[in-house]
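Numbered per the UniProt record's numbering, the sequence shown spans residues 1 to 439.
Worth double-checking, as some hints may not be accurate.
Claimed, not checked - Once the Cα atoms are required to be at most 27 angstroms apart in a straight line, the calculated DSS-like pairs of lysine-lysine come out as:
#1 LYS196 - LYS34
#2 LYS358 - LYS225
#3 LYS131 - LYS113
As the list claims (entries may be wrong) - Pairwise CB distance ranges, derived in the manner of DEER restraints:
#4 THR199 - ILE22: 15 to 23 angstroms
#5 ILE22 - PHE218: 50 to 58 angstroms
#6 ILE202 - LYS386: 48 to 56 angstroms
#7 LYS306 - LEU422: 55 to 63 angstroms
#8 ASN382 - HIS234: 48 to 56 angstroms
#9 LYS29 - LYS82: 30 to 38 angstroms
#10 TRP10 - ARG148: 40 to 48 angstroms
#11 ARG148 - ILE22: 45 to 53 angstroms
#12 GLU83 - LYS29: 46 to 54 angstroms
Read the hints as simulated data drawn from the structure, not as lab findings.
Think of the CB as a built atom: it goes at the ideal place given N, C-alpha and C, for glycine as much as any other residue.
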Amino acid sequence: MISKSKYLVWLFAGLFLLLLGIQVYFMYKTYQVKKREIYNDVHKKITTYIDNLEDLGQLSQHGSNESKDIFVKFTHQEITKKELVDYFEKYKKSTKNNLSNYIDQKFEKNDYKVAIRVVYLSVISLPDSTKLIDKPIVLYETRNKVLRPGISETGKWETSSTSTSDKSEKPERNDSFIVKSQTDFEILNINHIVFKELTLLILCCIALLLSVLLLYIFTIKNLIKQQKQVQVLHAVVDNISHEFKTPIATLKIASKTLKKEYNQDIFPLIDRQISRLEDLMLQLHAEESEDENPSIQPKDWDFFIKDLAFTYPEADFEMNNSVSTELPFDKELMETVIKNLCENSVKYGASKINVDLKTIQNKFEINISDNGNGIEQKELKNIFEKFYRIQSNNIHNSKGLGLGLFFVKKIIEKYSGKIDVLSKVKEGTTFKISIPYED
Numbered sequence: 001m002i003s004k005s006k007y008l009v010w011l012f013a014g015l016f017l018l019l020l021g022i023q024v025y026f027m028y029k030t031y032q033v034k035k036r037e038i039y040n041d042v043h044k045k046i047t048t049y050i051d052n053l054e055d056l057g058q059l060s061q062h063g064s065n066e067s068k069d070i071f072v073k074f075t076h077q078e079i080t081k082k083e084l085v086d087y088f089e090k091y092k093k094s095t096k097n098n099l100s101n102y103i104d105q106k107f108e109k110n111d112y113k114v115a116i117r118v119v120y121l122s123v124i125s126l127p128d129s130t131k132l133i134d135k136p137i138v139l140y141e142t143r144n145k146v147l148r149p150g151i152s153e154t155g156k157w158e159t160s161s162t163s164t165s166d167k168s169e170k171p172e173r174n175d176s177f178i179v180k181s182q183t184d185f186e187i188l189n190i191n192h193i194v195f196k197e198l199t200l201l202i203l204c205c206i207a208l209l210l211s212v213l214l215l216y217i218f219t220i221k222n223l224i225k226q227q228k229q230v231q232v233l234h235a236v237v238d239n240i241s242h243e244f245k246t247p248i249a250t251l252k253i254a255s256k257t258l259k260k261e262y263n264q265d266i267f268p269l270i271d272r273q274i275s276r277l278e279d280l281m282l283q284l285h286a287e288e289s290e291d292e293n294p295s296i297q298p299k300d301w302d303f304f305i306k307d308l309a310f311t312y313p314e315a316d317f318e319m320n321n322s323v324s325t326e327l328p329f330d331k332e333l334m335e336t337v338i339k340n341l342c343e344n345s346v347k348y349g350a351s352k353i354n355v356d357l358k359t360i361q362n363k364f365e366i367n368i369s370d371n372g373n374g375i376e377q378k379e380l381k382n383i384f385e386k387f388y389r390i391q392s393n394n395i396h397n398s399k400g401l402g403l404g405l406f407f408v409k410k411i412i413e414k415y416s417g418k419i420d421v422l423s424k425v426k427e428g429t430t431f432k433i434s435i436p437y438e439d
């Protein structure tokens, strides 16, 4: 059952990571689509304006043919390259404020921070194909600098210029140029804009993932709870089946004795065992109550040993009971402790068993020692484990389920006590139990 739970955990982890990856991929694609839509909208609104800047003359006092004229002069070496570069630098500065103001006003409602840059990549004079510029020249640029263009457009066209003399209508010269330009657009706060518009979708995705995760956690908790309930049920069944063994064995012996001879002392023993069986049956049908005040009387300890002596006549039981007051322990549980430890001694060859009971400063102490086979040191650390039985050459030499000492330890732990074991092979074993209590 536990291994299946681990498998389910790993399976869910894999599926959850897959779902997370799908959600991330979906959000990334949605982000890309939304970003593209915003850029297309910006591009659509300002492309026409940028294309007609020179023709409309809206950004400077220069005429629309002045750029061509400056290239004509440079072609015929009427100006130097420095003067050509200076001209375009001044032209860029003179148009920057008007262009920036127009762009800012255009997208003020959208809260877009748009940056634009128009660059001449190359200018070639025809027909000799002479390159007039060595590196790109910025023609227009906004105050916001383009850092990583979201959209870049390139254009290429041919333009010509014809100049005439004042005295004649005949053309003196005809100059043609091939111009290649690039226009860059960037929305500087594009990430903020996209995430702002996708906030609801992002929150829905996160809510979906959290819902799946919480549902899984809730399911696993219920599964673990059910597993614990099953384990508790198994423990109860194991405990009850183990506890039935002693009274049944005692009753069998009592029955055999009655068949042989009539003995008045046997009837109290039978009554005690029947009472114990009834108590065990009640445990199957009733839960423990918080209002119960369990207790055990001094005489009960003597009855435990008498029952053991009757059940196991082959062993000599000696009892030293200095307890003279009622103790706040469950009688059935204490009987289980005493009888399981003593039966264990008989099972492993003890012929003499000493049981010593005493109270010292609100501590109840139980010492049970025997002269049995003893326990090897390597076995001591395992004897309280459930279903563990001492082995010799990998062979179990005694009958049983390996539950007796397991139940003893659980009972001692229930009362916040401790149990120690001292043992020597072929000499015997001693169990020392100390349980605190309040008057």
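Going through the hints against the structure:
| no. | hint | verdict |
| --- | --- | --- |
| 1 | LYS196 - LYS34 | holds, 11 angstroms |
| 2 | LYS358 - LYS225 | violated, 40 angstroms |
| 3 | LYS131 - LYS113 | violated, 36 angstroms |
| 4 | THR199 - ILE22: 15 to 23 angstroms | holds, 20 angstroms |
| 5 | ILE22 - PHE218: 50 to 58 angstroms | violated, 23 angstroms |
| 6 | ILE202 - LYS386: 48 to 56 angstroms | holds, 51 angstroms |
| 7 | LYS306 - LEU422: 55 to 63 angstroms | violated, 27 angstroms |
| 8 | ASN382 - HIS234: 48 to 56 angstroms | violated, 20 angstroms |
| 9 | LYS29 - LYS82: 30 to 38 angstroms | violated, 50 angstroms |
| 10 | TRP10 - ARG148: 40 to 48 angstroms | holds, 42 angstroms |
| 11 | ARG148 - ILE22: 45 to 53 angstroms | violated, 28 angstroms |
| 12 | GLU83 - LYS29: 46 to 54 angstroms | holds, 51 angstroms |
Consistency note: the structure conflicts with the earlier hints numbered 2, 3, 5, 7, 8, 9, 11.
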